[in-house]
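Put together the whole structure using the sequences plus the hints.
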Amino acid sequence: MTRVRLLMSAAAIAVALGLWFALTAPPDRLQGEYSRLINIHVPSLWLAFLAFAVTAFGSVLWLVRKSHRWDRLAAASAEVGVLFTGIGLFTGMVWGQAVWGTPWDWQDPRLMSTAVMFFVYLGYLALRNAIDDPLVRARRSAILGVVAVVQVPLVYFSVNMFRTLHQTQSFRPDGSTMPREMVVAMLINLAAFTVLYVALMAARLEMARLEDAASPQVGLAGDAVRPPRLSEVEDV
Amino acid sequence: MSDTLVVVGTFLISYGLIVGYAVYLHLRRRRIET
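These protein sequences, in sequence, are chains A and B. Residues 439 to 674, numbered by my numbering, are exactly what the first sequence covers, in order. Residues 12 to 45, numbered by my numbering, are exactly what the second sequence covers, in order.
What the hints contain is simulated information worked out from the structure, not anything from laboratory work. Backbone N, C-alpha and C define an ideal beta-carbon position, used for all residues, glycine too. Only true hints are included.
Footprint (simulated), chain A over chain B, 3 or more residues, beta carbon under 8 Å:
hint, stretch
1, 13-25
2, 33-42
Counterexamples of contact, computed for chain A against chain B with all Cβ distances above 12 Å:
hint, residue
3, Leu501
4, His506
5, Leu560
6, Asp571
7, Phe600
8, Pro617
Here's what the structure looks like:
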């Protein structure tokens with residue numbers, strides 16, 4: 439069994455276990471069945487934060503070492519992060535419709551900062567697709583990858599810094615505002631999604647490595663441009 | 012009952028997106044290998 443298949447199998451088992459805990463944990467007295475969404479909403483956004491932090495890490499290392507593997511790591515992680523930010527936004531909107539009576543509030547700092555983060559990283563992926571030269575692509579996306587990660591703490595602490603419709607963190611160092619069974623289910627899902635991230639990253643990196651090996655290697659930017667040979671220039 | 016359906020549907024769509032992405036990676040990898 440290959441490494442990717444082994445990781446995917448482990449992720450499938452972990453996510454199935456997490457789903458079982460999510461569906462069997464006691465529902466909230468006020469929110470009812472909708473409270474179960476915490477088991478996918480929170481882990482998705484935790485994973486998005488982790489993914490964008492890894493993108494920044496890969497970007498910094500590319501800028502320092504100029505090794506192609508760090509660029510691949512940054513790109514792969516951003517792609518996975520965008521997927522999970524999208525899932526986090528979607529599940530949040532379903533949850534918001536049920537408990538707030540609206541799926542979206544355009545004045546809510548947490549919702550808006552998350553949406554901006556989603557579109558910035560979509561832009562990161564678009565930027566990568568728009569540039570053919572590997573070196574130029576890696577440099578420009580590395581700069582964006584480092585700058586864009588500023589949004590992660592902004593999104594996370596937006597509920598503490600501003601008055602928002604979105605609640606503050608339910609799980610804090612000084613304790614939890616949730617019953618123990620719900621906390622256990624959420625933590626199991628956080629762990630399961632982390633395993634899922636590792637598995638998806640392994641598959642995405644393997645694919646990128648094969649893609650690079652299959653495509654003709656381009657060296658430094660401007661390699662194809664040669665200085666004119668003055669001896670070949672005829673006088674006019 | 013409808014609340015349960017909405018919640019189960021949300022889980023299904025979310026996990027469906029994740030599985031879809033994993034399948035996409037698998038198919039793209041197979042296309043590169045052949």
